[in-house]
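**Student:** Sequence:
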Amino acid sequence: MNSMDELYSSGDEDVSLTGSDFEFQVKSSKRKLNSNQGSSSPKRVCQPSVSGSSQSQSPVEPRPLRHLYEAVRSGRSALLTVIDDWLEEYRRDREAGLLELINFVVQCSGCKGVVTREMCRSLQNADIISQLTKEFNEDSVSYPLVSVGSQWRRFAEGVCEFVSLLVRGCRNSVLYDDFLFSSFIALLTGLADSQVRAFRHTSTLIAMRLMSSIVSVAAEVNTQALMTQRRCELEKNKPAEHRAFDRIEELEHSYRELLEHQEDLRSLMNGIFKGVFVHRYRDRLSEIRAICMEEMGVWLRENPASFLNDEHLKYVGWMLHDKQAAVRLQCVLALQKLYVEKDFISHLELFTSRFKERILCMILDKDSDVAVETVKLLLLIKQQTDEGLSEEECAAVYPLVFATHRGLACAAGRFLYHMLCAVLDGQSDKCSASVLHLLAHFFIESEYHEHAAYLVDSLWDIAGVELKDWELMTSLLLEETGMEDKLESALIDIMMCAVRQAAEATPPSSRAQKKNLSAREKRLQVQDRRRITNLFIPVLPQLLAKFSADVRKVSCLLRAPLFFQLEVYGTSGRLEKSLDLLLSQVCDITLKHRDECVLEACVRVLCALCSESYSFCGRAERAVGQLLDSTVEKFTSNLAEILQGSADEDDLYGAASSLNVLAVFSSARDLTGRNLFEFCFQLLKMGIETREINEKLMVPALKCSVFHLFWKGTKIKLQTPAKDKAELKRVMKALHSFCVVSQSCLSLPQRCIRSQAFVCLCDVLLVFGRLCEGDGSPLQRFSPDDSLKAEMASFIIDYVFSDPEEDLDGEEECEEMKMAALLQKRTQLAGYCKLIIYGVLELQAATDILKYYNKFYKDFGDIIKETLSKSKMISSVESARTVCLCLQQLFSGLEQEGRDEELTEIRFLAKKLAMNFSINLRLIRKPLLALHQDGIRFSSQGLDTGELMNLSFLEILSEFSFKLLPSERKQLLLYLRRVFASVMDSEFVKMYERSLTSGSKETSAAAETPRKKRRRTHSLTSGLETPALTPHTHRVDMDDDFTDRSVLRKSVIRSRPQSPFSQSIQSHLSSLSLGHEDASGDEEEPEIDDYDDEDSELNMALPSTHGSASFLEDLFE
1 MNSMDELYSS GDEDVSLTGS DFEFQVKSSK RKLNSNQGSS SPKRVCQPSV SGSSQSQSPV
61 EPRPLRHLYE AVRSGRSALL TVIDDWLEEY RRDREAGLLE LINFVVQCSG CKGVVTREMC
121 RSLQNADIIS QLTKEFNEDS VSYPLVSVGS QWRRFAEGVC EFVSLLVRGC RNSVLYDDFL
181 FSSFIALLTG LADSQVRAFR HTSTLIAMRL MSSIVSVAAE VNTQALMTQR RCELEKNKPA
241 EHRAFDRIEE LEHSYRELLE HQEDLRSLMN GIFKGVFVHR YRDRLSEIRA ICMEEMGVWL
301 RENPASFLND EHLKYVGWML HDKQAAVRLQ CVLALQKLYV EKDFISHLEL FTSRFKERIL
361 CMILDKDSDV AVETVKLLLL IKQQTDEGLS EEECAAVYPL VFATHRGLAC AAGRFLYHML
421 CAVLDGQSDK CSASVLHLLA HFFIESEYHE HAAYLVDSLW DIAGVELKDW ELMTSLLLEE
481 TGMEDKLESA LIDIMMCAVR QAAEATPPSS RAQKKNLSAR EKRLQVQDRR RITNLFIPVL
541 PQLLAKFSAD VRKVSCLLRA PLFFQLEVYG TSGRLEKSLD LLLSQVCDIT LKHRDECVLE
601 ACVRVLCALC SESYSFCGRA ERAVGQLLDS TVEKFTSNLA EILQGSADED DLYGAASSLN
661 VLAVFSSARD LTGRNLFEFC FQLLKMGIET REINEKLMVP ALKCSVFHLF WKGTKIKLQT
721 PAKDKAELKR VMKALHSFCV VSQSCLSLPQ RCIRSQAFVC LCDVLLVFGR LCEGDGSPLQ
781 RFSPDDSLKA EMASFIIDYV FSDPEEDLDG EEECEEMKMA ALLQKRTQLA GYCKLIIYGV
841 LELQAATDIL KYYNKFYKDF GDIIKETLSK SKMISSVESA RTVCLCLQQL FSGLEQEGRD
901 EELTEIRFLA KKLAMNFSIN LRLIRKPLLA LHQDGIRFSS QGLDTGELMN LSFLEILSEF
961 SFKLLPSERK QLLLYLRRVF ASVMDSEFVK MYERSLTSGS KETSAAAETP RKKRRRTHSL
1021 TSGLETPALT PHTHRVDMDD DFTDRSVLRK SVIRSRPQSP FSQSIQSHLS SLSLGHEDAS
1081 GDEEEPEIDD YDDEDSELNM ALPSTHGSAS FLEDLFE
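Going letter by letter, the sequence shown gives residues 1 to 1117 in our numbering.
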């Protein structure tokens, strides 16, 4: 080839096709053929002539026709014995042996037909295949290769093994007789070009495996020929007196015979390659394309002298763009086996440069298996080639260590570890320390600082030794010289994530695989926890003392005790001293810090140590009790100064710090005995009355108060009925006072206070609020008044459904602040929606939410949609009426200025709400009827006085008409004509009437006509798949596809369905049905489409910071 384009063009100029049969012509051999054999006919399977040896032998009883097929299908027979028996029969009667082999292929295809001697003698291949096609069972589209069940599970493997053993058994003689395999390949070529999928699939599988077996034999013959030639030359180079002329003549004869064998094998391979592979590697069936690519990988590897060149590699490169993941996967696996061999690299240089860009795109493949194997392939390319991948190309792989798919992340972790080790240049001393430093630097530069657990999990299998070297990590952290601040933080994050991974023996939440640990994994987990405990018990207090001032570092280190075997603390006096040191450090950190994350970490550790299951729990309880006593005493002393109005800045700071600690402790421990509610209530009441609001005091006061009520409610269930009533009365009184104070907080200008007050109100009403219908639990006795409901609804409208700029209060905008504000709004909206769903608020309260469904769909659409869905489960009719009420309120609020624009927005909202009704029209008959009746009544207001202010509401109501059944349409038409009898000429009434009458027949057909039987698409006469087009048809496409660009894009033109609001249900469903048929038609095009960019869409998602897979579930659970 003259250029790269010629090497990777798709033109197959040397392919010759005639009709449906490939004209297989064995090249003339130098050997003299027997006259009675004749020559193979290019159009027939075999000749009617029979060798004389077969005529002279006594007749032998023929074997059953299904002997070979049954032996392979059952899997119980020894295939070597079966093949030996068949070879003996073939030597007695060549035609009978060939017929049995041909019928074996036919039976493997699931065809009931049988090829006879008469058919072979009188019919061409195309006629034989046409006659066999008629023998297929039209009632089933299944055939052995795609059948399911235990008996078919290993059928394909059995067929491949049979073909391989057959070639191995014939490699010494029968393979070169110019009769058996030439005739067999001719038939396989015709079957592979058949319109019948079973024939095409089965014959391609057999032909490709036959080719692989012949390629292996050809490689052996090539080796033997080289050795024979070398031995002959050595013999000729000997002195004349030592030269053995008989030996030379024998070697030359052997060499000539081997050359003839090479020529015969080359002819057979050329026939299969050009007759089957060149057509079927672009077959419409992905399984056939995958078979071709899998076997091509075998040819490239087994016989590199003949196949490992750019003219054959181009097929693998082209199919990297295939739309089916199975085909792309086979291509990548084939390339992996090539790049493993160092000797092959020089042959792959041009291929690498040509298709490297495509391979790099495939690390983001939609199919995870393809992406995983692609990363492994890139690692091989990097290891085996000097300049195969640049730094920028390697950098594209690194972020995948944070992918949620664990296999992809681990493959990227291996790639990253190899690159880190390559940076060290083989240094042996302090190798672990160097790797840890590089890993920490990578973590800092990656900017995914909240996801160290995913980085550790990605490297766990390959770098487990370094990640478990906690002695080295702690020594690096305790060094007096120290490290950079960022490096220390990164190392602490990595160390604690490695501790968690070892102690729990599970990957992070979004990568968790639902499987039980094996006995070995459980044993290793216990050993790791014991090692963690013994190492960190003496070291952790030192680390906490050194980093006690750093919020991030100390909060991370405080996770360590949760993975200890804590019972060890009670085994010896020395360890009890370590316990005292730990308790002292944790209590000191609790008093020093005000950050909620640090306080929560401290409380979590202290509560774990106070568990009654440990013998040392009394010692921990005393320490916690002393901490709480001192904190409460400090708070009350500062509170007295605050209530008297004589507090200074130090008093306010001390009270806020103490109250923060108590608020966090209240969430984990019952502190009702310390009567904190009274103090907090006084503080809140004073702040509201005097308007001297201290945000740092009131927010924790709200938290303490609400947790006090929750703990009281929990204790009520454990008391006797008499005490229960009295205590419940006191709790209800305290709850009423708290709600009054919290309601006042909702209108405060401080965002943190009003947000906390709203969340607290939602929580207490959900636990204690009386249900609108039903009794509820014994605690649900509190009835919120109308003013509280209105205040909460106003809060949602003013502060949740508001623009982000209004919520920042003049603060500098940044993405993190916007995301935090949005998360807070979603939490508040979810809390309010739960009150509606659980019956504390009426369904009509949802109108304030539904109004903003369209405007804030991006931020809150999922929550509003879930609320609407849950409301339908409560009462579908009331839910529909709530939707109508929402639209009525919006319509009533229209102003004359800009009325048309606002009316269009309301109509668009109505369209969106209409689409949320079920597609099962019978289930929504009553709800839709109630909605339309309410809408008509609203539109008719003022009819008696002649002031029809709401008549144009019928225009909005018409958006729900397309979901009505004919009976409801008639009922509503009668109702409409009775109500608007005097104004039937109004344009709005006519518009609504048309929406009820248009498409009624189609709607009736859609709703009442039973579903038709699915059309059978796999019939032999109508649904058979046609073979792929010839290479002459594809040549222009392939040249355009692979010579101009490496990553192909396909522009798909899809017909946009008409609006369902202007069409009937039947026409809408018809358009959906037609769209489905179009899609299936696209899938069955006779050629492989160009690579669609959708295949390289990012299948890698960064892990969520939430424990649940769905944040929506977190909000509603």
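Hint data in this document are derived by calculation from the structure and do not stem from the laboratory.
All C-beta atoms, glycine included, are put in the ideal place defined by N, C-alpha and C.
Any given hint could be a false lead.
Simulated crosslink set (DSSO-like; lysine-lysine; CA at most 27 Å straight-line) [to be verified]: (1) K926 / K912; (2) K834 / K851; (3) K515 / K592; (4) K236 / K314; (5) K522 / K546; (6) K696 / K725; (7) K865 / K834; (8) K515 / K546; (9) K696 / K712; (10) K323 / K356; (11) K970 / K870; (12) K112 / K134; (13) K725 / K872; (14) K911 / K970; (15) K872 / K789; (16) K382 / K356; (17) K685 / K729; (18) K818 / K834; (19) K366 / K342; (20) K818 / K855; (21) K725 / K715; (22) K366 / K382; (23) K468 / K515; (24) K872 / K834; (25) K376 / K366; (26) K238 / K274; (27) K970 / K990; (28) K733 / K818; (29) K342 / K323; (30) K818 / K858; (31) K337 / K274; (32) K366 / K274; (33) K872 / K818; (34) K926 / K858.
Between beta-carbon pairs, the in silico distance windows are [claimed, not checked]: (35) K515 / E612: 29 to 35 Å; (36) M819 / G645: 38 to 44 Å; (37) K577 / S869: 18 to 24 Å.
**Student:** Return the numbers of the hints above that this structure violates; sort them in rising order.
**Tutor:** Hint check: 3, 4, 5, 6, 8, 11, 13, 19, 26, 28, 29, 32, 33, 34 and 37 fail, others pass.
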